[in-house]
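Participant: Model the full structure from these sequences, guided by the hints.
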Amino acid sequence: MNLAYLDVRHRLGRFIGTSLGVALLFAVVLAMAGIYLGLVDDATILVRSVRTNLWVVQQGTRGPFADMSRLDPSIVARVAAMPSVKRARAFTYQVMQREHAGRSLRFALVGLDFPVDRGEALALTHGRPIVQPHGEIIADASLGLAIGDTLHVAREELRVVGLTKQLLASGGDGLIFATLADAQLLAEDTPSDAIRAERERRTERLRATDLGRAQPSLEALTGDPDFRAPALASSPIAAVLVDVEPARADAVMESLAQWPDTSVFTSAEQEQLLLDGVVDKPRKQLALFAVILVVTSSLLIGAVVYMMTLDKTHDIAVLKLMGASPWRLGGLVLQQALAIGVVGYGIAVAIGVQAFPHFPRRVVLTEDTVMGVFALVLTISTVASILGIVHALRVDPARALEG
Amino acid sequence: MDALRAEHLEKHYGQGDTLVRALQDVSLRVARGSVVALLGPSGAGKSTLVKALGLVSLPNAGRIWFGDQLVVENGRLLASVQELRRAHLGFVFQRSNLVPFLTARQNVEIACEIGGTPNPKKRALELLDWLEVGHRAASMPDTLSGGEQQRVAIARALANHPKIVLADEPTAALDKVRGRAVMELFRKVAREQDAAVVVVTHDHRTLDIFDDLHEMEDGRLTPTALATVAAH
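So the protein lines, in turn, are chains A and B. 1 is the number of the first residue of the first sequence in our numbering; add one for each residue after it. 1 is the number of the first residue of the second sequence in our numbering; add one for each residue after it.
Incorrect hints may appear among the rest.
Said to hold, decoys possible - Label-pair ranges, simulated between beta-carbon atoms:
(1) A/6 - B/118: 17 to 23 Å
(2) A/342 - B/1: 48 to 54 Å
(3) B/135 - A/358: 54 to 60 Å
(4) B/172 - A/355: 55 to 61 Å
As the list claims (entries may be wrong) - Here's a subset of chain B near chain A, in silico, CB distances under 7 Å, partners left out:
(5) 29
(6) 56
(7) 80
(8) 82
(9) 91
(10) 97
(11) 101
(12) 102
(13) 110
(14) 111
(15) 113
(16) 114
(17) 164
(18) 168
Don't read these hints as lab results, they were simulated from the structure. Yeah, the Cβ is synthetic: ideal placement off N, Cα and C, and Gly gets one too.
Facilitator: Rendered as structure tokens:
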């Protein structure tokens with residue numbers, strides 16, 4: 001006969017109420033674990049999605065995500081010319097916020113080195129890769145954009161031609177992929193007044209030099225919007241993505257590491273940089289919350305199970321007089337604690353499945369997480385039952401003889 | 001043959017000026033199939049003696065036998081208390097003390113399980129039928145009358161075929177009619193289950209049911225004739 005089950009059935013209301021309270025706590029523990037996994041996945045998914053072996057960035061930086069990195073675009077050709085390099089692509093990355101359709105749209109803009117990289121490596125759920133050098137983008141569905149939507153940015157029209165799912169930046173913002181040219185155009189988007197002011201300042205600076213005074217005709221060039229002085233550098237890129245033959249990856253990396261103006265990371269190192277830098281503090285914060293919740297859950301279950309055991313003190317004394325073994329009495333308390341934990345956890349998972357998809361941040365619930373937290377719940381319940389078990393074992397059977 | 005024998009039991013509480021001698025040189029023999037009453041005023045030591053005999057609170061000195069087995073000697077238990085309770089003892093309390101979350105049948109069945117009785121459910125139903133409460137087997141304790149509760153409690157005490165049944169004021173919460181009915185059940189238990197039954201009672205109206213009467217006063221036990229008690 002299972003005394004724990006029969007007692008629970010007798011006090012079903014209290015059991016359900018307790019399990020619901022515990023379920024809410026476990027749901028938050030699950031959410032913490034899921035948000036953490038989402039954070040890690042979001043932080044590293046871009047690195048995985050671009051599918052490259054090596055990341056070349058500005059020397060001494062940990063760019064382009066954990067740190068700012070600026071490289072001259074000419075490095076792409078230098079890298080591409082190396083032996084064993086199959087492909088080298090320029091890469092830009094910046095977080096932007098713009099108005100779209102009456103709402104604020106925050107996104108991370110990634111520049112693809114069109115036509116070398118059209119976004120074919122991305123897992124598109126709808127649409128197609130970029131085929132035009134200008135005016136086409138691939139956007140993540142989390143931004144609320146649909147195929148054919150047009151984004152008006154920097155006096156340009158960018159049309160959504162492809163959609164991805166859950167392709168987010170480490171900050172949780174959806175990603176937009178554009179050609180490198182469009183990305184740079186957006187990055188350098190400057191208001192008209194600022195452009196006019198800059199032209200005037202350029203003319204003033206020219207007049208202050210001997211060259212400007214000797215050749216006044218140069219002033220016409222400073223006012224020309226299409227003029228770009230040959231001495232000025234092209235727009236910088238953030239990184240160069242290098243695809244190499246796997247067997248030669250170490251050798252190529254060793255060669256690139258010798259260059260004085262670049263640093264090089266493998267994709268795995270790049271992921272680790274993101275985890276160490278971008279995700280580290282939120283990760284610790286989530287872990288701290290999770291620990292507090294686990295302790296709270298243990299205390300709650302412990303208190304409830306202890307109270308339930310106190311209520312049964314007289315019954316336990318009677319059972320002891322019958323000769324009930326400590327195992328049976330301890331088992332009664334332990335099984336009730338486990339029942340509260342398991343039922344609470346079941347409700348928590350059900351809550352999670354329904355509610356987590358509506359959370360503002362992505363909550364990733366893997367089978368490993370669900371099983372891992374379940375193992376934690378069993379541990380919590382077992383630990384929480386100790387006080388009740390100790391009380392049950394200490395009950396004096398003489399109490400059964402009291403009136 | 002004696003089912004229960006106690007010799008020279010002593011039980012003290014406190015020390016020095018606060019020393020209370022709850023049992024003083026108490027000896028008792030109870031034969032199988034007999035019903036014995038322990039009488040006496042409150043504080044005389046009746047419950048202390050029952051606790052000692054039930055191995056709930058061991059005496060400081062003296063010896064106790066269950067049948068031929070010496071189980072307590074000079075305050076020391078000579079075997080596992082759980083084993084001894086399961087093998088020899090059944091308890092009936094002042095109140096029925098039925099486990100509130102178990103039905104009448106389950107209350108008896110759990111005692112059968114703990115006592116290692118084969119087919120506990122069948123045994124529980126048999127006992128309830130024998131005590132004429134079989135029709136309430138599926139009822140929860142709080143739906144039973146006081147008399148029915150005590151019948152179920154007696155059934156529970158008999159679950160493990162005990163050789164000794166200890167009852168501490170089992171009719172205290174019952175009216176005259178129900179009280180007598182319960183006392184008659186103890187006689188039935190002694191005769192038909194061949195058990196030694198020791199009953200602590202204040203109810204002098206049912207003393208004719210008992211085979212032996214013992215009166216306790218100030219921790220001492222004296223055999224008493226029914227006529228002597230009736231004269232008080």
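Participant: Against this structure, judge whether each hint is valid.
Facilitator: Going down the list of hints, with the structure as the test:
no. : hint                      : result
1   : A/6 - B/118: 17 to 23 Å   : holds, 22 Å
2   : A/342 - B/1: 48 to 54 Å   : holds, 53 Å
3   : B/135 - A/358: 54 to 60 Å : holds, 56 Å
4   : B/172 - A/355: 55 to 61 Å : holds, 57 Å
5   : 29                        : violated, 23 Å
6   : 56                        : holds, 5 Å
7   : 80                        : violated, 9 Å
8   : 82                        : holds, 5 Å
9   : 91                        : holds, 5 Å
10  : 97                        : holds, 5 Å
11  : 101                       : holds, 3 Å
12  : 102                       : holds, 6 Å
13  : 110                       : holds, 5 Å
14  : 111                       : holds, 5 Å
15  : 113                       : holds, 6 Å
16  : 114                       : holds, 5 Å
17  : 164                       : violated, 13 Å
18  : 168                       : holds, 6 Å
The structure fails to meet hints 5, 7 and 17 from the earlier list, while all remaining hints are met.
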